[in-house]
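Asks: Sequence:
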Amino acid sequence: TGRDGAGRGGHWCLCPVADVKGRPCEDFCVLQHSNRRVGRGVICVITLAEAHPLLQNGKTITSVNYQISANCSRLQNKVSGKSKRGAQFLTELAPLCRISSSDGEEYTIYSCIRGRLIEVNENIISNPRLLQEKPSTEGYIAVVLPKFEESKSVTQGLLTQKEYEEVLLKRLNSSS
160 TGRDGAGRGG HWCLCPVADV KGRPCEDFCV LQHSNRRVGR GVICVITLAE AHPLLQNGKT
220 ITSVNYQISA NCSRLQNKVS GKSKRGAQFL TELAPLCRIS SSDGEEYTIY SCIRGRLIEV
280 NENIISNPRL LQEKPSTEGY IAVVLPKFEE SKSVTQGLLT QKEYEEVLLK RLNSSS
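Using the numbering used here, the first residue of the sequence shown is number 160, and each one after it goes up by one.
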């Protein structure tokens with residue numbers, strides 16, 4: 160699927176991830192862009208998927224926190240140079256941030272892919288509405304750069320848009 164994702168133009172592949180860590184409906188999207196021109200494989204933008212609870216039922220997001228633990232803040236990620244020195248390395252289930260809503264719920268957002276954390280979206284800290292108003296553009300959560308040798312296999316385990324629509328249909332049928 161071609162997609163103009165994260166406001167960056169070009170050819171984007173939309174790869175949904177359903178029920179992350181077995182949590183029903185906690186879905187994310189990995190917007191994947193081929194970065195071949197600079198010899199870097201792919202670059203991935205992590206966003207909330209359309210069916211994520213934070214984008215449903217008129218929820219209000221009250222805060223976004225990139226402080227993962229006492230010793231780990233994604234805001235401390237300092238990247239420099241072409242080889243992205245200093246970037247935090249993430250596994251598929253590495254937490255990126257925690258998002259709280261006005262109903263008292265807190266959601267942990269996970270990387271979904273292995274790679275180096277290139278940037279987090281600090282704009283959503285002061286303007287969390289961006290997550291709901293523009294989830295796949297200005298409301299993105301983070302940018303992750305997979306290792307070059309793993310870049311072709313990044314989408315393994317992720318869904319195609321058609322497979323994701325089937326998951327959503329099954330959910331709808333099982334709840335009615």
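Derived by calculation from the structure, the hints in this document are not laboratory data. Errors might be hidden in some of the hints.
Claimed, not checked - Straight-line Cα separation of at most 20 Å, DMTMM-like style, residue types lysine to aspartate or glutamate; simulated pairs:
1. 306 with 265
2. 243 with 265
3. 306 with 178
4. 243 with 292
5. 180 with 251
6. 218 with 292
7. 237 with 292
8. 237 with 265
9. 237 with 178
10. 237 with 281
11. 321 with 178
12. 180 with 278
13. 306 with 322
14. 306 with 262
15. 241 with 278
16. 180 with 322
17. 218 with 251
18. 180 with 292
19. 218 with 278
20. 321 with 209
21. 329 with 278
22. 218 with 265
23. 293 with 281
Asks: A separate judgement is required for each hint: does it hold in the structure or not?
Replies: To see whether the hints hold, each was checked on the structure:
Between residue 306 and residue 265 the CA atoms are separated by roughly 31 Å; this puts the pair beyond 20 Å, and the hint is violated. Only pairs whose Cα atoms come within 20 Å are accepted, and residue 243 paired with residue 265 is rejected, the gap being roughly 31 Å. Proximity of residue 306 to residue 178 is assessed by CA-CA distance (about 25 Å); at most 20 Å being required, the pair is judged violated. For the hint pairing residue 243 with residue 292, the CA-to-CA distance comes to about 31 Å; that exceeds 20 Å, so the pair is violated.
A hinted pair counts as satisfied when its Cα atoms are at most 20 Å apart, and residue 180 with residue 251 qualifies at roughly 10 Å. Between residue 218 and residue 292 the CA atoms are separated by roughly 12 Å; this keeps the pair inside 20 Å, and the hint holds. Only pairs whose Cα atoms come within 20 Å are accepted, and residue 237 paired with residue 292 is rejected, the gap being roughly 28 Å. For the suggested pair residue 237 and residue 265, the alpha carbons sit about 26 Å apart, so the restraint of at most 20 Å is broken.
Between the alpha carbons of residue 237 and residue 178 the distance comes to roughly 30 Å, so the proposed pair goes past 20 Å and is violated. Taking the CA atoms of residue 237 and residue 281, the gap is near 13 Å; set against the 20 Å cutoff, the hint holds. Proximity of residue 321 to residue 178 is assessed by CA-CA distance (about 16 Å); at most 20 Å being required, the pair is judged to hold. Simply put, residue 180 and residue 278 have alpha-carbon atoms about 23 Å apart, too far for the 20 Å limit, and the pair is violated.
Annotation: proposed proximity of residue 306 to residue 322 is violated, straight-line Cα distance about 26 Å (limit 20 Å). The straight-line distance between the Cα atoms of residue 306 and residue 262 is roughly 38 Å, outside the 20 Å bound, and the hint therefore fails. Among the hinted pairs, residue 241 with residue 278 is consistent with the structure: their alpha-carbon atoms are about 14 Å apart, no more than 20 Å. Restraint check: the Cα-Cα separation between residue 180 and residue 322 comes to about 18 Å, which is no more than 20 Å; the hinted pair holds.
Among the hinted pairs, residue 218 with residue 251 is inconsistent with the structure: their alpha-carbon atoms are about 27 Å apart, more than 20 Å. In summary, the hint linking residue 180 to residue 292 is not supported, as the alpha carbons are separated by about 25 Å, beyond the 20 Å threshold. With a C-alpha separation of about 26 Å, the suggested pair residue 218 and residue 278 falls outside the 20 Å cut-off, and the hint is violated. The suggested pairing of residue 321 with residue 209 holds, with an alpha-carbon distance near 14 Å, which does not exceed 20 Å.
Under the criterion of a C-alpha separation no larger than 20 Å, the hint pairing residue 329 with residue 278 is inconsistent with the structure, at around 35 Å. Proximity of residue 218 to residue 265 is assessed by CA-CA distance (about 12 Å); at most 20 Å being required, the pair is judged to hold. For the proposed pair residue 293 and residue 281, the alpha carbon gap of about 15 Å is at most 20 Å, so the pair holds.
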